[in-house]
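Chemist: So the chains spell out like this:
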Amino acid sequence: SCPLSSRCCAPSGTMNCRAEVLEVSVEGRQVEEAMLAVLHTILLHRSTGKFHYKKEGTYSIGTVGTQDVDCDFIDFAYVRVSSEELDRALRKAVREFKDALCGSGSDGMGQISLEFYQKKKSRWPFSDECILWELWTIKVNVVNLANEQERQICREKVGEKLCEKIINIVEVMNRHEYLPKMPTQSEVDNVFDTSLKDVQPYLYKISYQITDSLGSSVTTTMRRLIKDTLAL
Amino acid sequence: AMDTDLSSQDRKDLDKFIKFFALKTVQVIVQARLGEKICTRSSSSPTGSDWFNLAIKDIPEVTHEAKKALAGQLPAVGRSMCVEISLKTSEGDSMELEIWCLEMNEKCDKEIKVSYTVYNRLSLLLKSLLAITRVTPAYRLSRKQGHEYVILYRIYFGEVQLSGLGEGFQTVRVGTVGTPVGTITLSCAYRINLAFMSTRQFERTPPIMGIIIDHFVDRPFPSSSPMHPCNYRAGEDSGAVYPSVEDSQEVCTTSFSTSPPSQCVFTVTKAHFQTPPPVVTDTLKVPVMGLAFSHQLSSSRLSYQPAALGVGSADMGYPVLFTGGLNAAHPHQLIGPGKEGGVPPVPNQPAHGTQADQERMCTPLDGVHYSAATPSSSEDTETVSNSSEGKCGSPHDLLETIFVRKVGAFVNKPINQVTMANLDIPFAMFAPKNVELEDNDPMVNPPESPDTESPLQGSLHSEGSSGSSTGNTHDDFVMIDFKPAFSKDDILPMDLGTFYREFQNPPQLSSLSIDIGAQSMAEDLDSLPEKLAVHEKNVKEFDAFVETLQ
Numbered sequence: 001s002c003p004l005s006s007r008c009c010a011p012s013g014t015m016n017c018r019a020e021v022l023e024v025s026v027e028g029r030q031v032e033e034a035m036l037a038v039l040h041t042i043l044l045h046r047s048t049g050k051f052h053y054k055k056e057g058t059y060s061i062g063t064v065g066t067q068d069v070d071c072d073f074i075d076f077a078y079v080r081v082s083s084e085e086l087d088r089a090l091r092k093a094v095r096e097f098k099d100a101l102c103g104s105g106s107d108g109m110g111q112i113s114l115e116f117y118q119k120k121k122s123r124w125p126f127s128d129e130c131i132l133w134e135l136w137t138i139k140v141n142v143v144n145l146a147n148e149q150e151r152q153i154c155r156e157k158v159g160e161k162l163c164e165k166i167i168n169i170v171e172v173m174n175r176h177e178y179l180p181k182m183p184t185q186s187e188v189d190n191v192f193d194t195s196l197k198d199v200q201p202y203l204y205k206i207s208y209q210i211t212d213s214l215g216s217s218v219t220t221t222m223r224r225l226i227k228d229t230l231a232l
Numbered sequence: 001a002m003d004t005d006l007s008s009q010d011r012k013d014l015d016k017f018i019k020f021f022a023l024k025t026v027q028v029i030v031q032a033r034l035g036e037k038i039c040t041r042s043s044s045s046p047t048g049s050d051w052f053n054l055a056i057k058d059i060p061e062v063t064h065e066a067k068k069a070l071a072g073q074l075p076a077v078g079r080s081m082c083v084e085i086s087l088k089t090s091e092g093d094s095m096e097l098e099i100w101c102l103e104m105n106e107k108c109d110k111e112i113k114v115s116y117t118v119y120n121r122l123s124l125l126l127k128s129l130l131a132i133t134r135v136t137p138a139y140r141l142s143r144k145q146g147h148e149y150v151i152l153y154r155i156y157f158g159e160v161q162l163s164g165l166g167e168g169f170q171t172v173r174v175g176t177v178g179t180p181v182g183t184i185t186l187s188c189a190y191r192i193n194l195a196f197m198s199t200r201q202f203e204r205t206p207p208i209m210g211i212i213i214d215h216f217v218d219r220p221f222p223s224s225s226p227m228h229p230c231n232y233r234a235g236e237d238s239g240a241v242y243p244s245v246e247d248s249q250e251v252c253t254t255s256f257s258t259s260p261p262s263q264c265v266f267t268v269t270k271a272h273f274q275t276p277p278p279v280v281t282d283t284l285k286v287p288v289m290g291l292a293f294s295h296q297l298s299s300s301r302l303s304y305q306p307a308a309l310g311v312g313s314a315d316m317g318y319p320v321l322f323t324g325g326l327n328a329a330h331p332h333q334l335i336g337p338g339k340e341g342g343v344p345p346v347p348n349q350p351a352h353g354t355q356a357d358q359e360r361m362c363t364p365l366d367g368v369h370y371s372a373a374t375p376s377s378s379e380d381t382e383t384v385s386n387s388s389e390g391k392c393g394s395p396h397d398l399l400e401t402i403f404v405r406k407v408g409a410f411v412n413k414p415i416n417q418v419t420m421a422n423l424d425i426p427f428a429m430f431a432p433k434n435v436e437l438e439d440n441d442p443m444v445n446p447p448e449s450p451d452t453e454s455p456l457q458g459s460l461h462s463e464g465s466s467g468s469s470t471g472n473t474h475d476d477f478v479m480i481d482f483k484p485a486f487s488k489d490d491i492l493p494m495d496l497g498t499f500y501r502e503f504q505n506p507p508q509l510s511s512l513s514i515d516i517g518a519q520s521m522a523e524d525l526d527s528l529p530e531k532l533a534v535h536e537k538n539v540k541e542f543d544a545f546v547e548t549l550q
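Those sequence lines, one after another, are chains A and B. Heads up: the first sequence is residues 1 to 232, going by UniProt numbering. Heads up: the second sequence is residues 1 to 550, going by UniProt numbering.
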């Protein structure tokens, strides 16, 4: 896969990993907004305020602000965490996904994954393990529409679908299943992404895959290009 | 025995958590229906006052209402906190859209850690609530409120009442949190047969009559607490939120009746509104609790002009605060004439027997009160304020909102915005451009037929007109140029347009012409006695025939 988070570690086991799959069919211009809506909703639930550790192992938690986001190409609005850094990171990932998805060589089918993991430090020479504890996969199918009327209907339909997805996500969040234990100060970077200045999401990774027309998945467009070049 | 497992500190903490959770829940729901985008900032340094580590603003009125509804209690089994969201149109029709329920059931989780796990899960639940409040149908409706309708909220505590949501309402669960004293559940039941009432329909003109079906005009539970608008604008800081008024004059009361529908107009009188309200022409109904208003869609012309709130925001649009009934302390106190010029004396009406404390009267939140009025026959707006003196000691800001209802609902645009092009009339573009006002709109007010001849007769005498700009066609549509679709001039000698023009005014069928029609009718009438005689002669045959059919 194509990790877009800078924290890269060796692939690991997926014990206790909860996996959820969501599927959407959208127009090309709706891909980014739809993905952001879903990813932000998940991260809203998977982010806390910044921890401030005090003496004796206690900590206080900062405050998470939220804001409404209106979509331009979908009749839909969602709430995201008020963190420009987080928003930028997600937008970057989603844009790359969209470019790959809608670029040439793609049939408009692919998936973007949001993984939450914990780091388990290992001794040298072994690299740290990443233990996946929650995996969200959003399968996307890009549709092409012929006229404005269809686009208008699509705006509404995708809006309704996204409402359903939000409800699905909230259902999962409500199960109160496994969450990493609250870490001590020395362990906090193994559980949370502490690089942001205003909020603290659990450690996450975003990756994507594009399905080519043969139905098999190619991990990067580069690989395909190289293949095509060599075939000439 | 159950509770002894919970330390007293934990119990205190838990009660506090639940209380503030309930208050924050109400804030999130009401703020999500204000019609505005919400934005709060993250803060890495804990401020100590942000409950559940979430930046959720506290609108003081809302907190006040919630606290009042809770009255010091906490959600418990059989005692749920409900936030009811409803929609009220400019014509006064209202409809419940959603009920958000915070309930407690008996399933206890003894093992759970109060100060840590319960707290964090309550925080998670609030985040879920933030997300879910944006995905029910009422969200989009609330974003578009202002002119044709407003969104109101009402908080009550006790048994959940879902009957106002119409048939087939749906439920979405926001989440649950187990605690040692029970499981907190948060859910929303929402009406779905407004699905066809998409926001598009509210924006479109001409309006759609009768699109509100199955709405509760007569509230089944009249003893309910008053409703409040979601889209009032609280002060930016937590300070001056309550609207204040220089002179706390008469407080208008509401007088609505559940029984026979009357043409009521709700007016909310601004206390320092100088022009005296017009005289009421009809008797007012017996006042009833708060929100039992009953009226029907009618075609009278009443004007609606949103007025600005005295203090605070400028474009309240439609601040509508339903406060019920009469002053709790002085149920019979009404203001006679002299206080406000032109207000007729209203006989003291007994308040219906509900607990006074359920009517939210004369609190600082009572920005707005209603009075019933009936429309006059003229086209001017007429309202009446039936004032009652509120001895509550708090200043009131009363708003005058007079409703204009043109023929057809939801047409509240300024008159000059309604043009022919907006109306769904074929070839509207070709109509004369000076037809701007609805009053001149032939679709609304069909032109009178000429005195001498009927239009039918007129067309009888047309001499194969070419159809362009002659007077024998309908006077309000002038055919400037006729470009039929999918028709080209150069293909056939006679194209669709030419055909249309040539045969546009064919002569009437003779059987339809009035003279001949009248003639034949006269003949028919004359021949009736004869026919009857014949039938009477043959009555036996007819009877035999009927027998065979049975």
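Bear in mind the hints are in silico, worked out from the structure with no lab data behind them. Among the hints, erroneous ones may be present.
In the DMTMM-like style, the derived pairs of lysine to aspartate or glutamate whose C-alpha atoms are separated by at most 20 Å in a straight line are [said to hold, decoys possible]: (1) A/LYS161 - A/GLU171; (2) B/LYS37 - A/ASP70; (3) B/LYS144 - A/GLU160; (4) A/LYS197 - B/ASP50; (5) B/LYS37 - A/GLU171; (6) B/LYS110 - A/GLU177; (7) B/LYS19 - B/GLU159; (8) B/LYS144 - B/ASP50; (9) B/LYS16 - B/ASP93; (10) B/LYS144 - A/GLU171.
Chemist: Could you run down the list of hints and mark each one as holding or not?
Modeler: Hint by hint, here is what the structure shows:
1. Our distance criterion of 20 Å between C-alpha atoms is met by A/LYS161 and A/GLU171, whose separation comes to about 15 Å.
2. Restraint check for B/LYS37 and A/ASP70: satisfied, since their Cα atoms lie roughly 9 Å apart, inside the 20 Å limit.
3. Proposed proximity of B/LYS144 and A/GLU160 is supported: the alpha carbons are some 17 Å apart, at most 20 Å.
4. For the suggested pair A/LYS197 and B/ASP50, the alpha carbons sit about 18 Å apart, so the restraint of at most 20 Å is met.
5. The hinted pair formed by B/LYS37 and A/GLU171 fails the criterion: a straight-line CA distance of about 24 Å is larger than 20 Å.
6. Pair hint B/LYS110 plus A/GLU177 holds up; C-alpha atoms about 17 Å apart against a cutoff of 20 Å.
7. For the suggested pair B/LYS19 and B/GLU159, the alpha carbons sit about 18 Å apart, so the restraint of at most 20 Å is met.
8. Proximity of B/LYS144 to B/ASP50 is assessed by CA-CA distance (about 30 Å); at most 20 Å being required, the pair is judged violated.
9. With a C-alpha separation of about 39 Å, the suggested pair B/LYS16 and B/ASP93 falls outside the 20 Å cut-off, and the hint is violated.
10. Between B/LYS144 and A/GLU171, the direct Cα distance comes to roughly 28 Å. Violation of the 20 Å bound is thereby established for this hinted pair.
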